[in-house]
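K.L.:
Quick mapping for you: the protein sequence lines, in order, are chains A and B.
Residues 31 to 255 (my numbering) make up the first sequence, in order.
Residues 5 to 279 (my numbering) make up the second sequence, in order.
Just so you know, nobody snuck in bad clues.
With a straight-line cut-off of 27 Å between C-alpha atoms, the simulated BS3-like cross-links for lysine-lysine are:
no. : chain 1 : residue 1 : chain 2 : residue 2
1   : B       : LYS48     : A       : LYS145
2   : B       : LYS220    : A       : LYS254
3   : B       : LYS106    : B       : LYS135
4   : A       : LYS142    : B       : LYS48
Since the hints were derived computationally from the structure, they do not count as laboratory data.
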Amino acid sequence: MKRVMSTKIAVISVAGVLLVELLGLPALSPAQEEVASAIRRYKDREVSTGYYEEYEALPRRQRPLVEIPGVRRGIFPYSPAAAEVRSRTHLADSHQGIQFYWNLRCQICHLKETKDIHTTRANLTCRQCHGGEPIPSINYLYSPLNPIRKHAYVCSKCHEGASASYASYVVHEPNPAMVGTRTSFPLLFYVFWFMVVLAVGTFLVFLPHTLIWGIRELFVKMKKE
Amino acid sequence: MRPQTRIRRFSPLQRLFHLFLMLTFLTQASTGLARMFIETRWGKNLAGLFGGYETCRTIHIYVGIFMLCVFALHVVYVLSRIKWREFPRSLFGPDSLLLQFKDLKEFLLHVGWFLNITRGPEFDRWGYWEKFDYWAVFWGIPVLGITGLLLAYPLSASQIMPGWALNIAFWIHRIEAILAMCHVFIIHFFIGHLRPHSFPMDQAMFAGSVDVEDAKHERPTWIARLEHAGSLQRALVSEPSAAGRAVFYVFGYLAMATGVFLLIGGLVNAPYITW
Chain A
31 MKRVMSTKIA VISVAGVLLV ELLGLPALSP AQEEVASAIR RYKDREVSTG YYEEYEALPR
91 RQRPLVEIPG VRRGIFPYSP AAAEVRSRTH LADSHQGIQF YWNLRCQICH LKETKDIHTT
151 RANLTCRQCH GGEPIPSINY LYSPLNPIRK HAYVCSKCHE GASASYASYV VHEPNPAMVG
211 TRTSFPLLFY VFWFMVVLAV GTFLVFLPHT LIWGIRELFV KMKKE
Chain B
5 MRPQTRIRRF SPLQRLFHLF LMLTFLTQAS TGLARMFIET RWGKNLAGLF GGYETCRTIH
65 IYVGIFMLCV FALHVVYVLS RIKWREFPRS LFGPDSLLLQ FKDLKEFLLH VGWFLNITRG
125 PEFDRWGYWE KFDYWAVFWG IPVLGITGLL LAYPLSASQI MPGWALNIAF WIHRIEAILA
185 MCHVFIIHFF IGHLRPHSFP MDQAMFAGSV DVEDAKHERP TWIARLEHAG SLQRALVSEP
245 SAAGRAVFYV FGYLAMATGV FLLIGGLVNA PYITW
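Produce the complete structure using the sequences and hints provided.
P.N.:
In structure tokens, the structure reads:
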């Protein structure tokens, strides 16, 4: 009897101490886990707030998919047309040296880039992402569109909480049907053609099948009548 | 008392699943095409019916999630219908929708009959085209559902995969949706309702039954099997009332008209959008 009593007193004491601690101590905060992991770091915050400080723009882990099909990458890569000009992907002013530049409009040279979902459906203009003059190349170290900070400086203006991974979405998507896409975005190319073959294959079998079936039944019906 | 001239083919629950599928599929097709064709007058008008471009997206997402829920219920239903004591033999029975070798044989015989080369196959309860339709939906809903969820919630999706995978998800969603719509609006509608044998409408999925004489002609093996088992009389039901038939016709043709409208509008306006 005495033993049971002492056990009860012990349990009540421990529970009491715990209760006092819970009431008295500050609540657990996610901030206590800040920078707990070098891998995750601000990942949780990226989806929650959309606001970034400069130091929060982490280098992305994916390599950018912007490449010139069939052309080796390096310090001085050449254009797809094999013209001996420098690729303009690392310049502070990507339009540097272009004649009569001030009389040109973006779509005169970048027509393909004006025809994607961001431009045709969301009605975005080039400058809303690429900024004012001088427009730096996207791989220029201080460009807002450099993949190390694109998600924080550009994407999150509309897509609140955009992460580095999110920003690897290819806005100016290459035409998935084209041969060049096999080099610049191979997975898109192969998946697209797999789906097209699946769809075309289905119709190649079932369209003539259905049509001939209808004609055959028509003949049977006419014969009966 | 109307004479019992029809044979039961679908249970009320199966018809309810089909009804849900019809309504949700047409909603998804309309809202999806409205967004896809928003650059054209046709797309703008279509989107206007649903409250505009953004509302179309909201409807598309929530109806899509609803479809996935009904699909999950359907999977539970299918699992409950399997005769587990005779598993896996029961999967290959004559009432099973699983594709079997005999379906390939029947397909080839059927094509032979189209070309007047062979005698037509004697179908059992399910024809190969019906099994194909069923599995096309069974594959299509998860494919469209998963890619749709990735696209609907891109911030969360890009936490579990790179953002560029959304480019791929978009094309899978788009091509699979076009495949599904074209298949339903052309092939399924034609086989189900417009070919001479079914014209003006195959009421099986609405009334739940088919005419015995028609079934004897098109599915003689099924009828013979039921006669042999002595269950044919029990499966007989009477014809739906005139009012019921009227509802089936109006509803069915409204659905078909919607499908044909979307199909023609999509084909006509396809050259004018940014792909």
